[in-house]
Amino acid sequence: MKKSEVPQDKSNLESANFKELCYAVDEEGNYITENSSGWDPKTIALNNAIEEIKERVAEAKKRVLNNETSPIEYYMELHKMDLPILASYVGLWQWRVKRHFKPKVFKKLSKNLLQKYANVFDVSVEQLQDITKEI
Amino acid sequence: MKIDFTHHQSAHCENGVVSNLLKHKGHQISEPMVFGIGSGLFFVYIPFLKVNHAPVVSFRPMPGIIFKRFAKRVGIKIKRFKFRNENNAEKALEAELQRKNPVGLQVGVYHLTYFPDEYRFHFNAHNLVVYGKEEDTYLISDPVMETTTILTKKELNRVRFAKGAMAPKGHMYYPVEFPEELKLESAIKKGIKTVCRDMLAPVPYVGVRGMRTIAKLIRKWPKKKGIKVANHYLGQLVRMQEEIGTGGGGFRFIYGAFLQEAAVILNNPKLKELSLEITDIGDSWRDFAVNASRIYKNRSSELDAYNKVADQLVDISNREEVFFKKLKKAI
Numbered sequence: 001m002k003k004s005e006v007p008q009d010k011s012n013l014e015s016a017n018f019k020e021l022c023y024a025v026d027e028e029g030n031y032i033t034e035n036s037s038g039w040d041p042k043t044i045a046l047n048n049a050i051e052e053i054k055e056r057v058a059e060a061k062k063r064v065l066n067n068e069t070s071p072i073e074y075y076m077e078l079h080k081m082d083l084p085i086l087a088s089y090v091g092l093w094q095w096r097v098k099r100h101f102k103p104k105v106f107k108k109l110s111k112n113l114l115q116k117y118a119n120v121f122d123v124s125v126e127q128l129q130d131i132t133k134e135i
Numbered sequence: 001m002k003i004d005f006t007h008h009q010s011a012h013c014e015n016g017v018v019s020n021l022l023k024h025k026g027h028q029i030s031e032p033m034v035f036g037i038g039s040g041l042f043f044v045y046i047p048f049l050k051v052n053h054a055p056v057v058s059f060r061p062m063p064g065i066i067f068k069r070f071a072k073r074v075g076i077k078i079k080r081f082k083f084r085n086e087n088n089a090e091k092a093l094e095a096e097l098q099r100k101n102p103v104g105l106q107v108g109v110y111h112l113t114y115f116p117d118e119y120r121f122h123f124n125a126h127n128l129v130v131y132g133k134e135e136d137t138y139l140i141s142d143p144v145m146e147t148t149t150i151l152t153k154k155e156l157n158r159v160r161f162a163k164g165a166m167a168p169k170g171h172m173y174y175p176v177e178f179p180e181e182l183k184l185e186s187a188i189k190k191g192i193k194t195v196c197r198d199m200l201a202p203v204p205y206v207g208v209r210g211m212r213t214i215a216k217l218i219r220k221w222p223k224k225k226g227i228k229v230a231n232h233y234l235g236q237l238v239r240m241q242e243e244i245g246t247g248g249g250g251f252r253f254i255y256g257a258f259l260q261e262a263a264v265i266l267n268n269p270k271l272k273e274l275s276l277e278i279t280d281i282g283d284s285w286r287d288f289a290v291n292a293s294r295i296y297k298n299r300s301s302e303l304d305a306y307n308k309v310a311d312q313l314v315d316i317s318n319r320e321e322v323f324f325k326k327l328k329k330a331i
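From first to last, the protein sequence lines stand for chains S and F. Each residue of the first sequence is one higher than the one before, starting from 1 at the first, in the numbering used here. Each residue of the second sequence is one higher than the one before, starting from 1 at the first, in the numbering used here.
Derived from the structure by calculation, the hints contain no laboratory data. Heads up, some of the hints might be wrong.
In silico EDC-like pairs for lysine to aspartate or glutamate, Cα to Cα no more than 20 Å straight-line [unchecked claim]:
id, chain 1, residue 1, chain 2, residue 2
1, F, K50, S, E55
2, S, K10, F, D117
3, F, K270, S, E28
4, F, K50, S, E51
5, F, K228, S, E55
6, S, K3, F, D287
7, S, K116, F, E155
8, F, K77, F, E185
Isolated chain S, as found in the complex:
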């Protein structure tokens, strides 16, 4: 990549006001570094991934409201987690977390466990129990 080809596309980096460093060659073929404000193919790939997550969150929300799953699954998706990640954050076996996805089981969870989940998701127990109270 030549120095002049280092992409200067608009990207999500703008919001944090920083540019990333790229290695490129100058006219004589010597390597130099140059900052890039972003590159469209990367931005598209990232936005695609974000869209995907949003869909998963919306889907989970619907299922919580239909009483098909517990709010834990919704918050898990919201925090871009999957089962192994969530299980390690709360320090439980994966099968236990999965069991807590069942609305019936969730309703009987102890205060202690609820608080554990609430801490991981950075919400109050009240918000954990009722996702419509999410800010």
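Use these hints to put chain F onto chain S, whose structure you have.
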């Protein structure tokens, strides 16, 4: 308490932290030199592992290995600590800062507050340097950022004890012993040999053969998985290549920069020629990303488009095979 530490931005976190820590100790070692000696170029497809609901393709070796190999090859001793307890981790970090010693940390990205939201995923092998503390705020030199930044005590503890795959467990490290002179010549040769060995490995999941395996899969994805999933997989591939810990194209350019530096140190003009060749290959990786992103942007359902990017990948793998064979001979 603030250590007089100079922040240099880098393209990749692990190389950047190593290079910055060494520069602080008076050894002018560039980011590409760390990358090259640590054999940072790699390709692996891990069929049984999924991240973010897509198969894992990595363009780099396991996190931490670049540093480990680099240190061993140039003769530097590093001290490393992991902790079970947040308090102990914090105390150990502070004791080092008191000794005016900047410290490298492995952290999780998800809770890094200074990153844009969109970039915060559960990736636990990011690296940064802590170079001071003012009241309850740590002074941070994150090599991928343009300038230094800060994290509160609570924030730093949270990223040091992120959970999930490759959990950092408070991992902190710093160089303790340097030889009188860093033995670059032999280290460079070792670094190059390892990359050639790995990229030419006779295994279908690693190196140029791994790329061919992925190319085959790309052709099958739309039929086998449906367009939506195929597009998600392809998008994830481009992200691993270009964004998550940088990768494919970018790594080829860093490697090109390394070969140019190595050509001077080893007085070997052949390496300069090869640097131009890997630069060209890096450009092809970028073309691949452009074409792949076009497919999922337009939600294209032509099978032909998938075959085309797969062909492109096979072409790249052929050129890299030739390249690494030449590189092996050149040293």
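Each hint tested on the structure:
The hinted pair formed by F/K50 and S/E55 meets the criterion: a straight-line CA distance of about 19 Å does not exceed 20 Å. For the hint linking S/K10 to F/D117, the alpha-carbon distance of about 16 Å falls within 20 Å, and the restraint holds. In summary, the hint linking F/K270 to S/E28 is supported, as the alpha carbons are separated by about 17 Å, within the 20 Å threshold. Distance hint between F/K50 and S/E51 is fulfilled; the C-alpha atoms sit about 19 Å from each other, no more than 20 Å.
Between F/K228 and S/E55 the alpha-carbon distance is near 12 Å, which keeps this suggested pair within the 20 Å criterion. With a C-alpha separation of about 16 Å, the suggested pairing of S/K3 with F/D287 holds against the 20 Å cut-off. Restraint check for S/K116 and F/E155: the C-alpha separation of about 18 Å stays at or below 20 Å, so the hint holds. Taking the CA atoms of F/K77 and F/E185, the gap is about 18 Å. The hint holds against a cut of 20 Å.
Of the numbered hints stated above, none is contradicted by the structure.
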